[in-house]
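Let the sequences and hints guide you as you build the complete structure.
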Amino acid sequence: MEKVKELTTKLVQNIENVIIGKRRAIQLVVLGLICEGHVLIEDVPGVGKTMLARSLARSLDCSFSRIQCTPDMLPSDITGVEIFNQAKATFKFLPGPILNQIVLADEINRATPKTQSALLEAMQERQVTISGVTHPIPVPFIVLATQNPIEYEGTFPLPEAQLDRFMVKVSIGYPGITEEMAVIENQQLAHPIESIKPVTNAKNILEVQKIIRTVFIAEAVKKYIVEITQETRAADTVYLGASPRGSLALARACQAWAAMYGRDFVIPDDVKLLAEATLGHRIILSSSARLQELRTGDLIRDILRKVPVPGGDFRSE
Amino acid sequence: YTLSLPAPPADRDVADYFLFDLQTGYCDYYATSMVVLARAVGLPSRVVVGYVGGQYDEENNQYLVSEADAHTWVEVYFNGYGWIPFEPTAARNLIDEDALSLPLPPELELPSQTSEAVGQMEFPGSEVSLGVFVLLIIGMWFWNRIDLARLQHMDTTSLALEIYQRLFKYGRWVGLGHHKSDTLYEFNQRLKNAFSSLETDPRREKMLAGGEIEISQLTKYAILANYSVRPLGEELSGDILLIWKRLRIRMRYVIWISAWKSLGKKIFKRENKDVQLNLIINGAADGKG
Chain A
1 MEKVKELTTK LVQNIENVII GKRRAIQLVV LGLICEGHVL IEDVPGVGKT MLARSLARSL
61 DCSFSRIQCT PDMLPSDITG VEIFNQAKAT FKFLPGPILN QIVLADEINR ATPKTQSALL
121 EAMQERQVTI SGVTHPIPVP FIVLATQNPI EYEGTFPLPE AQLDRFMVKV SIGYPGITEE
181 MAVIENQQLA HPIESIKPVT NAKNILEVQK IIRTVFIAEA VKKYIVEITQ ETRAADTVYL
241 GASPRGSLAL ARACQAWAAM YGRDFVIPDD VKLLAEATLG HRIILSSSAR LQELRTGDLI
301 RDILRKVPVP GGDFRSE
Chain B
1001 YTLSLPAPPA DRDVADYFLF DLQTGYCDYY ATSMVVLARA VGLPSRVVVG YVGGQYDEEN
1061 NQYLVSEADA HTWVEVYFNG YGWIPFEPTA ARNLIDEDAL SLPLPPELEL PSQTSEAVGQ
1121 MEFPGSEVSL GVFVLLIIGM WFWNRIDLAR LQHMDTTSLA LEIYQRLFKY GRWVGLGHHK
1181 SDTLYEFNQR LKNAFSSLET DPRREKMLAG GEIEISQLTK YAILANYSVR PLGEELSGDI
1241 LLIWKRLRIR MRYVIWISAW KSLGKKIFKR ENKDVQLNLI INGAADGKG
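From first to last, the protein sequence lines stand for chains A and B.
For the first sequence, my numbering assigns the number 1 to the initial residue and increments by one for each residue that follows.
For the second sequence, my numbering assigns the number 1001 to the initial residue and increments by one for each residue that follows.
Bear in mind the hints are in silico, worked out from the structure with no lab data behind them.
Hints may be right or wrong, so weigh each one.
As the list claims (entries may be wrong) - Okay, derived cross-link-like pairs now, SDA-like style, lysine to any residue, Cα gap no bigger than 20 Å in a straight line:
id : chain 1 : residue 1 : chain 2 : residue 2
1  : A       : Lys-223   : B       : Ala-1070
2  : A       : Lys-222   : B       : Asp-1155
3  : A       : Lys-5     : B       : Lys-1220
As the list claims (entries may be wrong) - Residues of chain A clear of chain B, computed beta-carbon distances all greater than 12 Å:
id : residue
4  : Ile-83
5  : Ser-171
6  : Ser-288
All figures in this text were calculated on a predicted structure; none of them were measured in a lab.
Think of the CB as a built atom: it goes at the ideal place given N, C-alpha and C, for glycine as much as any other residue.
So, in structure tokens, the structure goes:
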């Protein structure tokens, strides 16, 4: 576990040179990477989403591509096309941007449902099939999809069933005063991203991905995770709660988080910390709840207050 | 006091006439008025008519009592003491205590709770209570030894949990009860906050310093015991017991302070600038390793 802690700490610190003052967001993105999951970043424009993805790719020495989604995008713009080479009379496959390790899909809610599903399918399968030929996507593979929380006209919001495929939802947010001043200062002469160096490579990441699966989860803690997920289904302000995919995601995320702190077992504090990030976007609130301006964050906080924390033989009040 | 009086008017109450109009008279008047007044305030009382004093005739070894010795006085009943005589008539001597030792007729007998009984009740079995106290001390010492032996024989994992359970109990006594949705680290943080906010003066600081570290250590052991896959090493049980011994003293001190402060609040009814021991839950887990 020490190896995981060392590697992730170096990674986070490296990225922090570019994105200032957003440690938690960076940690969650790294968490998504080592859990072999994908990350949904929901944020206002201009807070550094693209920079985050690019600095991640640079720190890992991995290939990076950016997909700017527009309503007139076609699935082949993502996956790639086969072009007929008249001279050789053969089809040549031109790989699309998805065939990279770090993929930033900007404004995924602007793409048409058909294109969205192409992207999501590639995320799921980790391979692309064109004309019967399967092209695997190189590992470690992570898609960072971004969404604007402000509804513009002409968007196709991702249905919740598709949102379920994202492991964590991250929100970067605006920086504080000192941080924003530091941003201006850092970018005065040159952009810091030009100067950051890789701190690790793909092979190490793959190893880390295997290691985190060995983190121990006590029976009581597993029960705690499942109880929380089940509560999201039972609450009366909820139209649709988190699925078993949600509990699995939460469990895996807790394992990764524990490893990132050098621990080889999960504690309930990890669960409490990651519950909102992993389960928040999988829940659909009922219309009455939305009318009351309730948010999923409030719901999860209430659930965490309600569900008893397991602790061996602890008799609590 | 006078013996030469006109008879009271027939349509007037005697006591009323005596107290407000005559304002002078002899023993009947005084006694009657006192009884009326005593009964008016709720004291059971009665008029006693008899002979007081007399001349002692040495030749015949007897008292010579004449009509001039006739007298009226008052007796008032007090619970536990019986009928106590009172002398309301001015110009009369106060009651001679020795006269009471003459044998009274049965219906005037005082109830059994006399001064002898009262004397006994003042020190109820002082030797018994001392004995009980000593037994208590010995009993507590024995219980302590047995408890310690039991703790030392536990395996370290259960020991860590048992000790932490006791820490919860102490925490409850200072109002930092463990809520079911708190994790151990959250409880840990609240307890530490309580400690640090109590260290207001050097004397307290001396007592409480090091307590925060001890709490953190015990929490760490409890977390390892609870959620880790490996059992705790046996060599740690000595450490755990030692830490708990020290921390227990500090916790008792904290309970003492908090009890004192709540007492002070009740007496002086002012806002204490010291900590409110019921604290806000602090989100402690930044993934403490």
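query = Looking back at the hints listed earlier, which ones does the structure fail to meet?
reply = 1, 2
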